[in-house]
Amino acid sequence: MSETTSTNEEKLPLNGRRAVPPNYSNDEENEVPEMEAFGLIPRGFNPRDYLRVVDIYMFKDPHEINKQEHHTDKYYNSKLIVRRGQPFQIQIDFNRPYNPETDQFWVELLMGRYPQQNKGTYIPILVGNVLKPGQWGAKIIHRENNSIRLSIMSSTTCIIGKFRLYIAVWTPYGILRTRRNSATDTYILFNPWCQLDAVYLDDEKEREEYVLNDVGIVFHGNAEDIKSRSWSYGQFEENVLDACLFLMDKAELELSGRGNPIKICRVASAVINSRDDNGVLVGSWDNTYAHGLAPSAWTGSVDILLEYYSSKQPVRYGQCWVFAGVFNTFLRCLGIPARLITNYSSAHDNNANLRMDFFLDDEGKVDTRLTKDSIWNYHCWNEAWMTRPDLPVGFGGWQVVDGTPQETSDGMYRCGPASVQAIKHGHVCFQFDAPFVYAEVNSDIFYTRMEKNGTQVVESIDTARIGQLIVTKQVGRDGMMDITEEYKFREGSDEERLALEAAVMYGVKKQSTQDTTYQPQTDVDMDFQVQKAVLGNDFKVTVTFRNKSRNSYTATTYLSGNIVFYTGVTKSEFKKHSFSAKLGPSSSSSFDIVIKSSEYMSDLLEQASFHFFVTARINETGKILAVQKATILEIPTLRIKTKGELVTGKEMSVIVEFTNPLKQTLENVMLRLEGPGVLRTTKKQFGRIPMNSTLTWEVKCIPTRPGLRKLIASLNSDALRHVYGELNVQIQKP
Numbered sequence: 001m002s003e004t005t006s007t008n009e010e011k012l013p014l015n016g017r018r019a020v021p022p023n024y025s026n027d028e029e030n031e032v033p034e035m036e037a038f039g040l041i042p043r044g045f046n047p048r049d050y051l052r053v054v055d056i057y058m059f060k061d062p063h064e065i066n067k068q069e070h071h072t073d074k075y076y077n078s079k080l081i082v083r084r085g086q087p088f089q090i091q092i093d094f095n096r097p098y099n100p101e102t103d104q105f106w107v108e109l110l111m112g113r114y115p116q117q118n119k120g121t122y123i124p125i126l127v128g129n130v131l132k133p134g135q136w137g138a139k140i141i142h143r144e145n146n147s148i149r150l151s152i153m154s155s156t157t158c159i160i161g162k163f164r165l166y167i168a169v170w171t172p173y174g175i176l177r178t179r180r181n182s183a184t185d186t187y188i189l190f191n192p193w194c195q196l197d198a199v200y201l202d203d204e205k206e207r208e209e210y211v212l213n214d215v216g217i218v219f220h221g222n223a224e225d226i227k228s229r230s231w232s233y234g235q236f237e238e239n240v241l242d243a244c245l246f247l248m249d250k251a252e253l254e255l256s257g258r259g260n261p262i263k264i265c266r267v268a269s270a271v272i273n274s275r276d277d278n279g280v281l282v283g284s285w286d287n288t289y290a291h292g293l294a295p296s297a298w299t300g301s302v303d304i305l306l307e308y309y310s311s312k313q314p315v316r317y318g319q320c321w322v323f324a325g326v327f328n329t330f331l332r333c334l335g336i337p338a339r340l341i342t343n344y345s346s347a348h349d350n351n352a353n354l355r356m357d358f359f360l361d362d363e364g365k366v367d368t369r370l371t372k373d374s375i376w377n378y379h380c381w382n383e384a385w386m387t388r389p390d391l392p393v394g395f396g397g398w399q400v401v402d403g404t405p406q407e408t409s410d411g412m413y414r415c416g417p418a419s420v421q422a423i424k425h426g427h428v429c430f431q432f433d434a435p436f437v438y439a440e441v442n443s444d445i446f447y448t449r450m451e452k453n454g455t456q457v458v459e460s461i462d463t464a465r466i467g468q469l470i471v472t473k474q475v476g477r478d479g480m481m482d483i484t485e486e487y488k489f490r491e492g493s494d495e496e497r498l499a500l501e502a503a504v505m506y507g508v509k510k511q512s513t514q515d516t517t518y519q520p521q522t523d524v525d526m527d528f529q530v531q532k533a534v535l536g537n538d539f540k541v542t543v544t545f546r547n548k549s550r551n552s553y554t555a556t557t558y559l560s561g562n563i564v565f566y567t568g569v570t571k572s573e574f575k576k577h578s579f580s581a582k583l584g585p586s587s588s589s590s591f592d593i594v595i596k597s598s599e600y601m602s603d604l605l606e607q608a609s610f611h612f613f614v615t616a617r618i619n620e621t622g623k624i625l626a627v628q629k630a631t632i633l634e635i636p637t638l639r640i641k642t643k644g645e646l647v648t649g650k651e652m653s654v655i656v657e658f659t660n661p662l663k664q665t666l667e668n669v670m671l672r673l674e675g676p677g678v679l680r681t682t683k684k685q686f687g688r689i690p691m692n693s694t695l696t697w698e699v700k701c702i703p704t705r706p707g708l709r710k711l712i713a714s715l716n717s718d719a720l721r722h723v724y725g726e727l728n729v730q731i732q733k734p
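For the record, in the sequence shown the residue sitting at position 396 is 396 according to full-length UniProt numbering, with numbers rising by one throughout.
Since the hints were derived computationally from the structure, they do not count as laboratory data.
Since we're looking at a predicted model, the values are computed, not measured.
Note that the Cβ used here is the ideal one computed from N, Cα and C, for glycine as well.
Any given hint could turn out to be false.
Here are the simulated DMTMM-like pairs of lysine to aspartate or glutamate, each with C-alpha atoms no more than 25 Å apart in a straight line [to be verified]:
no.: 1; residue 1: Lys575; residue 2: Asp367
no.: 2; residue 1: Lys263; residue 2: Asp286
no.: 3; residue 1: Lys650; residue 2: Glu634
If you anchor each label on the Cβ, the simulated ranges turn out as follows [what the hints assert, rightly or not]:
no.: 4; residue 1: Arg369; residue 2: Lys79; range: 40 to 48 Å
no.: 5; residue 1: Lys643; residue 2: Asp367; range: 55 to 63 Å
no.: 6; residue 1: Glu573; residue 2: Lys79; range: 21 to 29 Å
no.: 7; residue 1: Ile141; residue 2: Met481; range: 37 to 45 Å
no.: 8; residue 1: Gly649; residue 2: Phe38; range: 29 to 37 Å
no.: 9; residue 1: Ser602; residue 2: Lys650; range: 42 to 50 Å
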């Protein structure tokens with residue numbers, strides 16, 4: 001290879017520590033010489049006298065052997081895509097029959113601009129007689145005329161990405177190589193079907209769900225009122241694989257580290273959000289979404305990834321389920337089994353002390369100045385499946401990774417991978433970010449009153465609310481699977497206490513209650529229920545007291561109704577109501593408070609989420625009772641139906657309908673519709689929808705993939721967001 005560089009090519013800055021510049025880009029290439037001479041070439045040398053490659057056939061169509069056996073036939077990509085640790089086949093046509101006695105050739109795979117054998121970015125594959133499992137090698141399985149068919153085995157630790165493929169032929173005077181031909185480029189991905197791969201998953205139904213399913217469910221709302229919506233992951237759609245590889249370039253993950261799922265998850269959790277590295281999505285939680293799309297408008301990951309891949313600029317805007325949806329697409333696309341998790345009542349604890357502090361003033365109202373912690377109605381993250389050779393035995397399997405920017409980890413906004421098993425047992429000393437996740441699912445809520453002299457009086461402690469329910473989509477079905485027990489032992493069990501003691505021993509801060517006085521009121525219980533209601537209607541809140549003592553009490557009761565972001569942060573208080581409750585001995589009494597739609601509609605936020613706080617002071621004893629709950633209004637849905645035959649390659653229509661239920665006109669209405677394998681994302685702007693009137697939108701499309709597919713639609717407007725609809729359709733083969 002000639003070492004001279006022309007002056008017009010920029011000289012790369014080298015430093016004294018490394019001879020080769022960092023190799024971050026899967027896209028960049030080096031020049032590979034077609035004739036690599038061993039020395040001076042004699043005048044009579046003619047390359048045509050030697051074995052020469054005429055053509056290479058990659059068996060790369062979806063119906064051919066490679067993509068079928070490697071479970072990559074769904075990728076909308078014309079190049080060869082295989083999974084590591086499993087053989088694939090190519091055919092080489094020479095200019096004459098191959099003679100093993102005299103001819104010598106090998107296959108070369110190269111990645112990046114500075115391919116090096118010890119970094120795994122230059123891989124020479126020699127032809128031998130046997131293939132060893134999990135190691136690079138090639139063997140001839142068929143010879144006919146001028147052609148041979150090779151079976152090539154890749155290493156189970158091979159780096160993931162796009163390789164350039166060459167065939168090299170040995171001659172006495174130098175190496176002859178095939179020309180650079182992008183048609184033979186080969187993508188190598190993780191292989192959950194291969195026992196030696198770090199991401200091996202042994203259950204076929206789980207592999208179909210966690211690797212091959214391109215649609216999923218996001219659970220939201222709150223634990224008392226679970227809502228669900230579909231999300232299109234679209235990991236097989238056109239250009240999505242290249243966009244996912246670009247994310248690793250953007251994160252500056254060295255090519256040599258890309259065979260390790262732990263490293264890939266760690267850097268991806270940082271690059272999914274735009275904080276500190278101009279990553280994929282800008283988070284916004286303040287209900288203003290200028291120059292972008294409201295998080296609730298997205299129906300899937302494809303548009304977000306492709307917009308980022310083409311513009312190289314962060315896409316606006318995301319909230320937790322959007323970060324998690326895009327992260328899930330990235331993981332499944334590369335072959336790492338992944339699922340999207342929802343944690344209901346998720347603690348966002350600013351100082352990771354396992355204690356959420358809500359400070360009350362003298363009247364028992366929450367003091368927003370002092371209260372810094374917040375409880376998210378729900379928070380979505382991801383789990384990725386892999387072995388953890390960096391941790392003791394037993395901590396492999398599902399790992400928490402979170403792309404939502406909440407807190408920094410090692411100086412960047414990222415989180416994970418943290419072993420779910422380690423979190424359950426309180427072994428939070430093991431990397432990465434286990435204490436933070438432990439606090440999200442295990443904190444206690446302290447209601448503390450500040451006395452005038454500065455002492456803190458703890459009025460009540462709620463140990464059961466945080467992380468009360470952790471769920472994901474069922475395997476093979478659209479229902480909900482409760483996985484709370486994978487994260488924590490049963491509330492109040494001995495094992496739970498032990499896990500907590502372990503977590504505290506390993507450095508999770510747990511404040512003692514010694515510096516505070518805590519004397520709970522034991523002889524009166526208070527609770528409240530919120531009536532289920534549809535957006536735009538009145539509803540009532542019922543407060544119930546149970547007086548277990550033989551005394552008569554009076555309770556000064558205060559209800560505060562707040563409109564909140566789903567992160568538990570208050571936007572505005574829309575209802576204040578106080579009353580005096582007479583509590584007879586050994587009896588229960590209930591009190592109704594009516595909430596009118598006119599009180600809340602003007603300030604309503606997109607997830608129609610309320611937070612009620614009820615505090616009561618027992619006048620005779622001075623004790624305070626406090627209960628808080630989040631509640632969500634029913635939001636109307638979109639109706640979807642189809643018209644025409646549902647057959648691949650034939651035109652059909654999708655019709656979306658919506659009736660405006662509000663007592664006001666909807667302005668700036670935007671509809672989106674998508675369905676992987678049926679239609680590309682389609683958008684339409686409608687000016688306004690008057691109250692009680694119905695909008696109808698018909699979209700024509702030609703389905704490309706047979707089988708059970710899902711159509712997903714969303715509606716967004718100034719006054720109403722988070723309106724979704726979905727429909728399962730069975731597309732027939734022609």
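Legend entry - 29 to 37 Å as the expected CB spacing between Phe38 and Gly649, which holds or is violated: Given range 29 to 37 Å: violated, Cβ gap about 55 Å.
Legend entry - Distance restraint hint 55 to 63 Å, applied to the beta-carbon atoms of Lys643 and Asp367: 58 Å, holds
Legend entry - Satisfaction of hint between Asp367 and Lys575, Cα-Cα up to 25 Å: OK: Lys575 and Asp367 at ~16 Å, within 25 Å.
Inset, instruction - With respect to the beta-carbon atoms only, verify the hint that Glu573 and Lys79 lie 21 to 29 Å apart. - result: About 58 Å separates the Cβ atoms of Glu573 and Lys79, which means 21 to 29 Å is violated.
Inset, instruction - Could you grab the alpha-carbon distance between Lys263 and Asp286 and see if it respects the 25 Å cut-off? - result: With Cα atoms ~32 Å apart, Lys263 and Asp286 exceed 25 Å; violated.
Inset, instruction - Please test the hint of 37 to 45 Å on the beta carbon pair from Ile141 and Met481. - result: Given a distance of about 43 Å, which is inside 37 to 45 Å, the answer is holds.
Inset, instruction - Take a quick look at whether Lys650 and Glu634 sit within 25 Å of each other, Cα to Cα. - result: Violated, at roughly 37 Å.
Legend entry - Arg369 versus Lys79 beta-carbon gap, inside 40 to 48 Å or not: About 59 Å separates the Cβ atoms of Arg369 and Lys79, which means 40 to 48 Å is violated.
Inset, instruction - Hint says 42 to 50 Å; check whether the CB-CB distance for Ser602 and Lys650 agrees. - result: Hint holds: Cβ distance 48 Å, inside 42 to 50 Å.
The structure shown violates the earlier hints numbered 2, 3, 4, 6 and 8.
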